[in-house]
Every structure is written in structure tokens, then in C-alpha cells.
Amino acid sequence: MKEFHLTEDQQDCLQELINIAMGQASDQLARYLDTFVYLKVPSIESVAAAELIKSLSQQQDTMAIVSQGFFANEGIRGEALLVYQEKDSGRIADLLGYEPGELSQDEQLIDISSILTTTFLNVFAQQIGNQMSYNAPKLLPSVQNNLSQHLQQMTFSWDLALKVNINYQVTDYSFNCNMILLIPGAAILNIKSVLDRILAEF
Amino acid sequence: MSPSVLICDDSNMARKQVLRSLPEQWKTSVETASNGAEALTILRKNHIDVLFLDLTMPGIDGIGVLQGIQKLNIECDVFVISADIQPEMQSKVKALGAKEFIKKPVKADVLHDYLHQYGLL
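The listed protein sequences derive, respectively, from chains A and B.
Heads up: the first sequence begins at 1420 in the numbering used here, then just goes up one per residue.
Heads up: the second sequence begins at 2 in the numbering used here, then just goes up one per residue.
This is chain B alone, in the form it adopts within the complex:
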């Protein structure tokens, strides 16, 4: 069974880039959110297995979403996909529970490698 996926990014193009990079069999059960607040609403309502999360967004940003997930005890594997590549930010998101930091623009082979690494694929 393919996992339920949520893609959260304020850019339509970035969401499409992630969607395009997903394994074929995953593309059937994908939800999208264009900001952090939307993502948290979906995460509260539906069970999401894997979240692909942008950091720099207006309103509740990626860090806010990670904090919300911790606070609400939501079980979900988070992969941060961001342009903010500073090492300090990469360790910050991992400290907040993200599995991995993936540099934008996302590439399918890199994404698949991480999914393999965490036994998701």
C-alpha cells in the first residue's frame, strides 16, 4: 500500500517539483498545503505517513510546523525540502524531529535514496 503523503510549500512550482520526484506508486495519495497553518490542519484531521516540508513560508513556517507536530504528538516522517541550506538550519530541523534535510531544487534520485535509507521504499 502506498503511504499517505502531504506536500507543504508556498510555491506551486515547488509543490509540483516534489510531486514529480515521488515514486510512481506514491503519486495516488498526495495532499498539498500552501502554508504551515494549512499543513497543521491536514495533519490534525488525516493520518499522514510522510510530510515533505518547505521552511521559508509566510505565516507559520516550516519550523512552526515541526514544533506543532511535536506539540500535538503527531506521528509522521518529515523530510524538509528547503533553499535555506545553512548548516545551522539543517541541524535545527533535525533537532526538531525531521528525518532529513533535502536541498532545493529537489531531485528524484536524491529523494528516492533517502526514502530507501529510511525503509520507506
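Excised from the complex, chain A in its bound form:
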């Protein structure tokens, strides 16, 4: 775990890259929903992936998780999870303006998640001179059983999770959505060296 720990400068650098990525992701969400999104400073914490998965699986109030894999050059890869709370499900349904015969709420959740995840990661990658590719997003309903099973099916193990708590407050309909980036240990080391390269320019 210790080798994955970020220095103060690395943390500051990562935070700023994330702020810029989040700003553009929120702008896309605002355009998609034709509304305004209030931004707060996102909190970033790194946690052991096993603990996080365990606590997510035990959370009773999680409505749905949308999971999407990403990979880039320089050995950067991971899985982005967007976590929606049960208490927000009504608001999210209002926000999406679901009408029978249109896209189902599940499909809309996947759409929103994919906009947020891909914009966020594209802008992040662009800033570090990289380019992202993605797997198809997948909705995991009834999270309690599915999350650990879903993650276990993947070919590599998660050592560390970078938890970026983003609070999206949408005018009229506020809901919370946490973005969690699960990143394997080797990719963390690669990200750290990219951060060092950026920091060396200053």
C-alpha cells in the first residue's frame, strides 16, 4: 500500500487535473439535461480496493452502480464506478423525465454515467498527453450481490481505489453521485510517474 501513497505535491497535481476534468464533465451533463450544475471541490481519497468493495456491497442505500472499464497508454487503466443512492432515485427519475415508451430509466442512467465518465476521463487523459479507450458501460442492479461478483470476473486485481466524491447539485433536482475509480497497483505507479513528470515542469 505504501508505495501507492501520493506525496502532497502529487495529490495537489492530481486534484487540479481532476478539477478540470470534472468541470468539463459537469458542463456536458448540464448541456445534456439542459440545466445548471453547481460544482463543489471534489474530495479525493485513496482506499484499499478490497475494503471499498466490501463496504459498497454492504451499503443498503445504494440504488445502482454503473461500471465502465477504461484503458490508456503508459499502462494506465482501471474501472470507473458511478454510484447512485436509493434516496435520490425519485429525483433522478424526475430529472430524466422518463416517459413510457422512451428509454428506460436504466438506459438513461447508463447514458448519464457514460457522459460523465468518458468526458471526465477524456479530459484527464488529454491533460497528461494520453488517450483513453473504454469498455461498454454496464448497470449493476441489486448491488449487494453483484458488485463483488462483477469485479471478480475481471482479469486483473484491484489494489487501490481512488475515490473521487463528486457532488452534483442540479438546479431543481439535486442528486448525489459518487464517482469511484478503481485502479490496479501497477497503474497507480504509472500515474505517479506521470504526475512527477508534470510537476517537474514547474
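Treat the hints as calculated values from the structure; they're not laboratory data.
These numbers come from a predicted model, not from an experiment.
Ideal placement from N, C-alpha and C gives every residue a C-beta, glycine not left out.
Please note that a few of the clues may not be correct.
Covered by chain B, per the in silico footprint, the following chain A stretches (three or more residues, Cβ under 8 Å) [unchecked claim]:
#1 1427-1433
#2 1454-1464
#3 1491-1501
Following the hints, position chain B against chain A.
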């Protein structure tokens, strides 16, 4: 004479990015603040010609600083440098007196163009 400059951003790296993008002759008289409250304290105490201001900060944010500047009748040219690029936010900061909205990450040529435009360079 080079103008007195204040850079306000909660990120150390972002402050350095702005500093690095300033015209060479401006780099001698620069103060920095890492949050809105600090910025307002400096603005009250010292005369600042140009403020480069971030929006999303803990505590008093960029909007709070703009409101404080208006309330205290502080004369200073404010350029907002932010990642919150939503059009509604851009018009909001201009309505609160900011000269321009500059998208993060800041680029020297873009910044210099704006400074020229406002006769500051």
C-alpha cells in the same frame, strides 16, 4: 511600472500555472492566496491592480470574492480562471464584475491576449 498582481486558487499547481503564464515583467510583484478569505484580506490591506481568481474553492469561493469586491468597493481588474466552464457560470461572473472568464488550464498566449485587450499590457 508593473501592476500589483494577486493570484487566488486553492491549488498550488494552479497558482504556479498562472504565475508561469504572466508576462515576464509582471512576475516581480505577485501575491498569492489559497482561498477566498485570504484573498479578501489581501485586497482590503494592499492595493491590487489585477486579480486572477479561481471559482471552486473551499470556504469563500470565487463568487464570494467577487461579491466581497463589489460590497467593499474595491477597484481591481478581475480575471476568473476556472474549470467550471458552464456558459451560465461565465455570464454570472461577468455580471459580478469580472472582466473575463478564462478556461483552465490557463495558457500564456490566451492570457496575454486578454491583457492586451484590456490595455493592461
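These are the hints, each one checked on the structure:
1. 1427-1433: n = 3 at 8 Å, threshold three: holds.
2. 1454-1464: holds (count 5)
3. 1491-1501: Violated - the stretch 1491-1501 of chain A has 0 residues with a Cβ nearer than 8 Å to chain B, which falls short of three.
Comparing the model with each earlier hint shows a violation of hint 3 alone; every other hint is respected.
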